[in-house]
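2 protein chains.
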Amino acid sequence: MSNPEIEAQLAPLRERVQEQGNLVRELKAQGAAELDVKKAVAELKARKKVLEEKELALTPSVVSFDRAKMEDLLKRRFFYDQSFAIYGGITGQYDFGPMGCALKSNILALWRQYFALEEQMLEVDCSILTPEPVLKASGHVERFADLMVKDVKTGECFRLDHLIKQALEKLSKAKEATPALQAECEDIIIKLDGLNKQELADVLAKYNIKSPLTGNDLTEPIEFNLMFATQIGPTGLVKGFLRPETAQGIFVNFKRLLEFNQGKLPFAVAQIGNSFRNEISPRSGLIRVREFTMAEIEHFCDPVHKDHPKFGNIKAEKMTLYSACNQMDGKSAAQVEIGAAVASKLVANETLGYYMARIQQFLLAIGIKPECLRFRQHMSNEMAHYACDCWDAEILTSYGWVECVGCADRSAYDLGQHTAATGVRLVAEKRLPAPKTVEVSEIVPNKQALGKTFKKEAKNITDALAKLSLEEITKVEQQLAGDGQYKLTLADGQSHELDKNTISVKHSSKTVHVEEFIPSVVEPSFGIGRIMYALLEHSFQCRDGDEQRCYFTLPSLVAPIKCSILPLSNNTDFQPYTQKLSSALTKAELSHKVDDSSGSIGRRYARTDEIAIPYGITVDFDTLKEPHTVTLRDRNTMKQVRVGLEEVVGVVKDLSTARTTWEKVTEQYPLFEQQEASSK
Amino acid sequence: MSNPEIEAQLAPLRERVQEQGNLVRELKAQGAAELDVKKAVAELKARKKVLEEKELALTPSVVSFDRAKMEDLLKRRFFYDQSFAIYGGITGQYDFGPMGCALKSNILALWRQYFALEEQMLEVDCSILTPEPVLKASGHVERFADLMVKDVKTGECFRLDHLIKQALEKLSKAKEATPALQAECEDIIIKLDGLNKQELADVLAKYNIKSPLTGNDLTEPIEFNLMFATQIGPTGLVKGFLRPETAQGIFVNFKRLLEFNQGKLPFAVAQIGNSFRNEISPRSGLIRVREFTMAEIEHFCDPVHKDHPKFGNIKAEKMTLYSACNQMDGKSAAQVEIGAAVASKLVANETLGYYMARIQQFLLAIGIKPECLRFRQHMSNEMAHYACDCWDAEILTSYGWVECVGCADRSAYDLGQHTAATGVRLVAEKRLPAPKTVEVSEIVPNKQALGKTFKKEAKNITDALAKLSLEEITKVEQQLAGDGQYKLTLADGQSHELDKNTISVKHSSKTVHVEEFIPSVVEPSFGIGRIMYALLEHSFQCRDGDEQRCYFTLPSLVAPIKCSILPLSNNTDFQPYTQKLSSALTKAELSHKVDDSSGSIGRRYARTDEIAIPYGITVDFDTLKEPHTVTLRDRNTMKQVRVGLEEVVGVVKDLSTARTTWEKVTEQYPLFEQQEASSK
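Protein sequences, first through last, are from chains A and B.
In terms of UniProt numbering, the first sequence has 547 at position 547, counting the first letter as 1, and numbering is strictly consecutive.
In terms of UniProt numbering, the second sequence has 363 at position 363, counting the first letter as 1, and numbering is strictly consecutive.
Treat the hints as calculated values from the structure; they're not laboratory data.
Wrong hints could be hidden among the right ones.
Pairs count within a copy or across copies, as identical chains cannot be separated in the list.
What the hints assert, rightly or not - In silico DSS-like links for lysine-lysine, alpha-carbon gap of 25 Å or less: (1) Lys587 - Lys310; (2) Lys459 - Lys475; (3) Lys69 - Lys255; (4) Lys38 - Lys191; (5) Lys315 - Lys587; (6) Lys255 - Lys136; (7) Lys664 - Lys455; (8) Lys54 - Lys191; (9) Lys165 - Lys175; (10) Lys28 - Lys510; (11) Lys487 - Lys447; (12) Lys310 - Lys593; (13) Lys587 - Lys653; (14) Lys456 - Lys210; (15) Lys452 - Lys487; (16) Lys580 - Lys264; (17) Lys75 - Lys255; (18) Lys210 - Lys191; (19) Lys487 - Lys500; (20) Lys153 - Lys456.
For clarity, every value in this text was computed on a predicted model and none was experimentally measured.
Let's have the full structure, built from the sequences with the hints guiding it.
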């Protein structure tokens, strides 16, 4: 992106971003009214978007990609396709066929190796069905929603931002549209993400937007919670949801996990599993779906020691960082060594930096193009209120830059929320440098008096009293000293009047050797479907001079099938060799496919290229002669070498596990020169 | 079970079963009324149950197992535990901690190797959320239900059979219970499984059974569908369920999969994934849960060629088969070679027999005790109406014989159902021995006339006409020839009157070279949680003379962690060796755990034994000297050998992948004699 011609075109746009970025900074520095800051930020984002779109439009590699052609291949060879298609299908749900499923499990296996095994993480596998109180505490019940409107007659639903964008685009393209109207529409579309419910409702009203399908009136904007609801058990009384992320399963098990780790911090927990979001109108293929696989890590550490013992291993890793600051200044992302980024405090701490580097190493290992990967920092206004620092690994696809991995320092938020909701203290302990004496206040229940007055409820009252915070205890003491009464409200909503007869407050001092604290959490969170989609785009190719012959250059580490076996023809003399090779490959745990169907060898190679098989063994007439040999073909270069029958499985194994490279193989074995027959 | 003393006690019970089995056979032969057969079968099952319970009670190994002790260990070391416990927990849901999760993924990895890779299956990964019409076609919406009753006041639900059993047990144990009443209660409890809704309602009424919690009245029995319902999308109009099994995802993709396999049969499809059942009152730990992982295979084949090319490989496999016939005769299960069982038609066909043998090989490989595994054939009356033959792999646990893998020949049922529901023909083709001429009847729509009369509906009508069966076409022809009218009803319920002007019936003959058929399906279906639970029971042990020191003898192939590294003390000289070993193990992809905590070496060994780590490397003072060596310890025998530092990782790798055995290792390396310190 340092092409001077392109930069010249971008310069004025960059300037406009910077100008607005400075305004935002200024407003914040002045402590301006929240609404003014919000408006300025919305304008800033709008300008950033214009810049980014222009930048992408000027990047030729993205433009030349033919998505329809790739999707046709993915469908035809059943990498994945719409679920329940014979029943009409459901949008936002996909079934992974043999190739998609194998690719996905190879990516996950490598993920386990890169993270769970390498970092000795504790891997867990938690329930998908989640009772409501858990997701109330996490904030999902209240906040995990999108805005929609409904057709008042048919009930058809539309995601509000999509609908407005579509309507305004149509409006501005109409013959009668004035240049003023066109500019107005464009302006709203750009700012759409920053508008709130009321502002969006105003847009609906101003342009009199109707249902695009029926022309009917639409309802006011409605907040639609994106979780799938169900009932657990037969009573219909226990409300549950399909989890919208896997993380909560880890947080609610924190105590058990800390204990498993013998009470020591830091430690990291990993989980791979499915999550669900009831999108209002899913689109963009695998990018936005209702059911998806995530791989999440929660790294628990002491909030004041976020250094990482293995940071030294990765500190020289060069990364493309798109900092919040650069975003506000209209600048491009910059190449920075992660060590320098942490040293300069651009990245908040070593642990966060360590994971960012490891995420990059993993993504490059599976085949993501380095020039299409960047880490974008959340700007302070888009960061969840509890996060300290957050960087998204974004991958450039034909849909633009897509967030594929989030990497956030979530501080103590999640454990704090679940502690508050349950009264179970999700904390760790650390030894104090020296023992100290602390004042302790506690409420002492008069069990006899409580039992007499409250009968069965006495236990609930005692339990609730034990959970009161120091602040609340002070309040109790004040009230008892005042009118002698304290009203306790239980979790079930019931209230009880307590008095000096039933409770008292006791003060004492004790010596403590350890202190409790709520650990901080650093969370790398991988969207496996999105990564997979980006990888497919990055590896999609067509043969020079033959646009119909498409293939995927997936690295053998993740390729669904490692090797094909093709007998030159259906001559039965080839069969024993084909079978022998197949058994040997199975024994070496190498997935493979025998294609003994009719069709020229070139045509069959083309078929194996389509499903990304990196290596192909051909059994031909020379195989029948001693010393028995076969040819081994490389998908990417289409070059072949001649290898001994007994050796070839070992060579494929070494290639598939990256113990050798095709270049080395071609140096070691004689090239087999034969024009590959055309696929036609 | 051939102990003569035990057999003597069982003989009268065996006789009672046989007597009843013969009665059932007789009734069937006579074509007796269905109700009479059903009653006789219920009595047969009841007698079988008495026999089986007696048999189990006389088997000492099961009795001596201390389930509470094992469950305590599983909980304490977080193999698995109740989900959302800090929120009070939900019954029937479990979270797998680090050890449970690793054990589960090792079992699944081996499963993939044994089935998906070895048999070159097509592995798929389909959606969990399933729209209602799919599960209507499969029969789940109508039939996948259990009976329950509700407390009329509190709404509390009880699974009907559990409730009755509990109530009658209480009744017969009461002081005032007469011997007659006790006998009556016992009789009902035994026959409970065979009673229908009305009969159960009668039992409720007769014994005036109330809610065991409140004493309140109960409702009539209600059928409760066990699927979790939800809504897909925001309209609230698309009803969906969480899938109750993974199989349907495979069936609805049959066309794509057949095409992927280039139209050829047989082929097998595998899927690993979660399924959900909203049990009324889950219990028995991992045996009956609401959320569980299944591994299912659908093997599609020509219904008239169910032989299997690899049957020869496994035909000598000895299996414990508990045939329907033996069950009716009160006999034990018998040891049979699977080749002989198929030859004698005891097992319906080679494909079914092949999978049964492979299931057994897999279960034994992960560590299931051979003497606790049997294959029980469904008796004709308990088989789903569409199945030809069905054998369950049952594993003996402290809960009795538990069905862990089903292996059924489901004939053409599933593909037929989805074809009927969608009109999409889920069929395969095969070449006819010789071409043949067939008469074809088809309905020819007069498009112009249809368009004129029915406007937009014309296309739906034409589509519906194209789907009519030969039978229906004959009916159309008759009706047109009669009153000249034919009333067509569309899928949406609308009817249209057609006549000679809009349609006609054409007859022609054509030469066909292939014939279509609906493939048969053989379905091995694995309940992973149940297998895992049984495996834990089978591998649970306590050290001789120290009942507090428990461990699991899990084979290293599936053990959660393959190796521990224990420095003898916290002497810092050991650290570089510990780190070097840890890196080398990671490089060799061996999961391992460094335990450098304080505590005697014996105590730390005991801790690694608890989580089933099969091998332990100890770094001691001899390690510091040249030549550097370490000790390697075997969990099961507690023996140690002294091995070179550079060699030890290779030895552990060979042990973990079953390339060598501990016996061989002890022959190769010097024994290291040291009294293992006690755990106390």
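We went through each hint and held it up to the structure:
1. Lys587 - Lys310: Cα proximity of lysine 587 and lysine 310: across copies only (16 Å, versus 37 Å in one copy).
2. Lys459 - Lys475: within (22 Å within a copy, 75 Å between copies)
3. Lys69 - Lys255: Close across copies (22 Å), not inside one copy (50 Å); limit 25 Å.
4. Lys38 - Lys191: Answer is within; shortest intra-copy Cα gap is 12 Å, inter-copy 71 Å.
5. Lys315 - Lys587: between (40 Å within a copy, 21 Å between copies)
6. Lys255 - Lys136: Only inside one copy: lysine 255 and lysine 136 sit 20 Å apart there, 43 Å across copies, limit 25 Å.
7. Lys664 - Lys455: Neither, since 82 Å and 68 Å both go past 25 Å.
8. Lys54 - Lys191: within (16 Å within a copy, 76 Å between copies)
9. Lys165 - Lys175: within (18 Å within a copy, 78 Å between copies)
10. Lys28 - Lys510: neither (46 Å within a copy, 82 Å between copies)
11. Lys487 - Lys447: within (17 Å within a copy, 80 Å between copies)
12. Lys310 - Lys593: Cα proximity of lysine 310 and lysine 593: across copies only (17 Å, versus 41 Å in one copy).
13. Lys587 - Lys653: both (11 Å within a copy, 17 Å between copies)
14. Lys456 - Lys210: between (59 Å within a copy, 24 Å between copies)
15. Lys452 - Lys487: So lysine 452 and lysine 487 pass the 25 Å test inside one copy only (18 Å; across, 78 Å).
16. Lys580 - Lys264: Answer is between: at 22 Å across copies they meet the 25 Å cutoff, but 52 Å inside does not.
17. Lys75 - Lys255: between (45 Å within a copy, 13 Å between copies)
18. Lys210 - Lys191: within (21 Å within a copy, 64 Å between copies)
19. Lys487 - Lys500: within (12 Å within a copy, 85 Å between copies)
20. Lys153 - Lys456: Result: close only across copies, 21 Å inter versus 53 Å intra.
Checked against the numbered hints above, the structure violates hints 7 and 10; every other hint is satisfied.
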